[in-house]
Structure formats: C-alpha cells, structure tokens
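Those protein sequence lines, which keep their order, are chains A and B. Counting from 0, one number per residue, gives the positions in the first sequence under numbering that gives the first Met the number 0. Counting from 0, one number per residue, gives the positions in the second sequence under numbering that gives the first Met the number 0.
No lab work stands behind these hints, which were simulated from the structure alone. Check each hint, because a few of them may be wrong.
Claimed, not checked - Just the calculated beta-carbon pair ranges, DEER-fashion:
hint, chain 1, residue 1, chain 2, residue 2, range
1, B, R6, A, A17, 35 to 43 Å
2, B, E34, A, N35, 41 to 49 Å
3, A, G148, B, E26, 18 to 26 Å
4, A, P161, B, H3, 17 to 25 Å
5, A, N35, B, R73, 20 to 28 Å
6, B, D1, A, N78, 43 to 51 Å
7, A, L122, B, E34, 25 to 33 Å
8, B, P33, A, E37, 44 to 52 Å
9, A, G188, B, E20, 40 to 48 Å
10, A, L122, B, E43, 18 to 26 Å
Cβ coordinates follow ideal geometry from the N, Cα and C atoms, glycine included.
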Amino acid sequence: MSKKVDSSHSQGWNFEAAAMPFVDSLYNTAYRMTRNSEDAQDLVQETYLKAYRHYDKFQEGTNFKAWLFKILKNSFINNYRKKQSRPPQSDFAEIEDALESRVSDEATQNIKNPEDELLEDVLDEDVQRALDELPHDYRMAILLADLEGFSYKEIAEILEVPLGTVMSRLYRGRKLLESAMLDYAREHGYLRDGSPAKMRTRDADSKEYRDKASG
Amino acid sequence: MDCHKVREVVFLYADKEMDGELLISFEQHVAICPECARRAVHAERLIMVVRKRCGRQMAPADLRRRILTSLRHREAGN
Ligand SMILES: [Zn+2]
Numbered sequence: 000m001s002k003k004v005d006s007s008h009s010q011g012w013n014f015e016a017a018a019m020p021f022v023d024s025l026y027n028t029a030y031r032m033t034r035n036s037e038d039a040q041d042l043v044q045e046t047y048l049k050a051y052r053h054y055d056k057f058q059e060g061t062n063f064k065a066w067l068f069k070i071l072k073n074s075f076i077n078n079y080r081k082k083q084s085r086p087p088q089s090d091f092a093e094i095e096d097a098l099e100s101r102v103s104d105e106a107t108q109n110i111k112n113p114e115d116e117l118l119e120d121v122l123d124e125d126v127q128r129a130l131d132e133l134p135h136d137y138r139m140a141i142l143l144a145d146l147e148g149f150s151y152k153e154i155a156e157i158l159e160v161p162l163g164t165v166m167s168r169l170y171r172g173r174k175l176l177e178s179a180m181l182d183y184a185r186e187h188g189y190l191r192d193g194s195p196a197k198m199r200t201r202d203a204d205s206k207e208y209r210d211k212a213s214g
Numbered sequence: 000m001d002c003h004k005v006r007e008v009v010f011l012y013a014d015k016e017m018d019g020e021l022l023i024s025f026e027q028h029v030a031i032c033p034e035c036a037r038r039a040v041h042a043e044r045l046i047m048v049v050r051k052r053c054g055r056q057m058a059p060a061d062l063r064r065r066i067l068t069s070l071r072h073r074e075a076g077n
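Let's have the full structure, built from the sequences with the hints guiding it.
Structure below.
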C-alpha cells in the first residue's frame, strides 16, 4: 500500500500541469450553469477532485479538456438534482413550450427580417439573461459549442448523448435563445424612448408589498 | 436540397460541421436561393453574437489556490 505513494505523487504533478490550464473555461461554464459564483467554485473544485481521483481512467491520447467537462457536467447534474434550489423541470418545460410555439410561428413566417438589424441591438446582458433562462440541457450544449469551441462529436461525448441529440439541442436552444434575446433587445429599444424606471418601480413595489405583508 | 432542409441543417453549416455531399448540395441551394443564403448568414451572426456578447467569467484566484491545496493534500495521502 505504501509503495503506491511515489507513483501517485508524480501522477499528481502530471495531473496539475495537464488540468490547471482549464480552470477558467470550467469556471465560466460552471458559472453560466449555476448562475452564481459560489456554486460555480464548488462545482469546479469538485470536478478537479473527481478528475484527480479518476485520472488513471483517463485514456491517454483522447481529449483531456472534453473529459474534464464531462466530469463537470456529471457533477452539475448530481448537485442540481440533489439541491432543487432552482425551479423544477416542469417549470422549464412550460417556459419552453411557450417559447417553442413562438419559435415555430416565426419559422413558418416568411423572412422579411427586422431580426438581422435587431441582432445589432443585443446587449451583453440580453445574451446572458437569455442564456440563464434556457433549460439547462440546451444551455450546456450552447456553452460548449459557442464559448468553448467543442465539435459536435466532442459535445456528444461530454453530454453522453447521440450526435443527433446534440444537433437538436443546439438547434432548439439557439432558436429559443434568439427569440428571448430579441425580445429583450426590443424591450430596451422601447424603454430607451419610453419609461426607463419601469423595472425599478416594480422592484420597489414588490419590496413594499413584502414589508407590508410581513409586518 | 430544398428550403425546408436548409432550415434544418443551417447550424451544421454555420458550425462548420458540414462536409461531403451534404455541404455540396447545401452550397448549391444557397447559391440560387437568396432567402436561404440570408438564413445561413443569419445563423452565423447569431453564433457570433453569443460568442462575443456572453462575457467570460474568470476563475477567482482563490479558487485556483483552493484546488491546488486540496490536490496536494490528496497527493500527500490524506
Ligand atoms: Zn431556399
């Protein structure tokens, strides 16, 4: 038993050198999935510890970054299902259905496209908000493809789903994302000439309401 | 290829995941159909918008430290 120490020690250093360059990528994905820094940090740390523990199972010559992301994905699913701190799946399904019907309406329309111009108006916060609201299967596929530059084949490996599923998640996810992004772009386009205090007022109202209700 | 099929596979094209005969027939259709040509450009732009506008979060320095500490702790056999 004690003889193992030497080899695992050198393996450890090897692991560090191979794995640490991906901290930012893993963290960014974790942050977009959990939507907060604390959970994201825990998720990334857990990913590293699991990866270290199972480093002997990693096959030399295969994609190490994809392997790390697969562990991140599994950790996310485990934690997410355990915690249930977010809206349950059924809510996502409802949101998705609502968006979906809008998307298919758009698909059947002939394209005259104010959308192209509107894409120009999309702000960083519109993209982030729209991403945050996507069902997590779609969100993850989009993050892996668009922000991490993984190929469809790699995404299929990471998510452990068939290639066709990757394609449909990207397709549907991007359609939903686009529809939401453009809504937000329209919204602030409108707010720009309209009343910019709308959001703040609503917030204040609900706080007042809470205070009243609790006191 | 027809317009319906183009709509179905347009992201494959935009993601540069298309090759062989599919790519050839896609490009042939797009060359003669302005609507689908626009659709292809739009798909590429959509991806670009996501890539450019979704700001990246950098891992806090403390996280790096935490990870390294816990890894070295394991290495030491605890
Ligand atoms: Zn066409």
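Hint-by-hint comparison with the structure:
no., hint, in the structure
1, R6(B) x A17(A): 35 to 43 Å, "41 Å, holds"
2, E34(B) x N35(A): 41 to 49 Å, "42 Å, holds"
3, G148(A) x E26(B): 18 to 26 Å, "23 Å, holds"
4, P161(A) x H3(B): 17 to 25 Å, "23 Å, holds"
5, N35(A) x R73(B): 20 to 28 Å, "27 Å, holds"
6, D1(B) x N78(A): 43 to 51 Å, "45 Å, holds"
7, L122(A) x E34(B): 25 to 33 Å, "28 Å, holds"
8, P33(B) x E37(A): 44 to 52 Å, "50 Å, holds"
9, G188(A) x E20(B): 40 to 48 Å, "43 Å, holds"
10, L122(A) x E43(B): 18 to 26 Å, "20 Å, holds"
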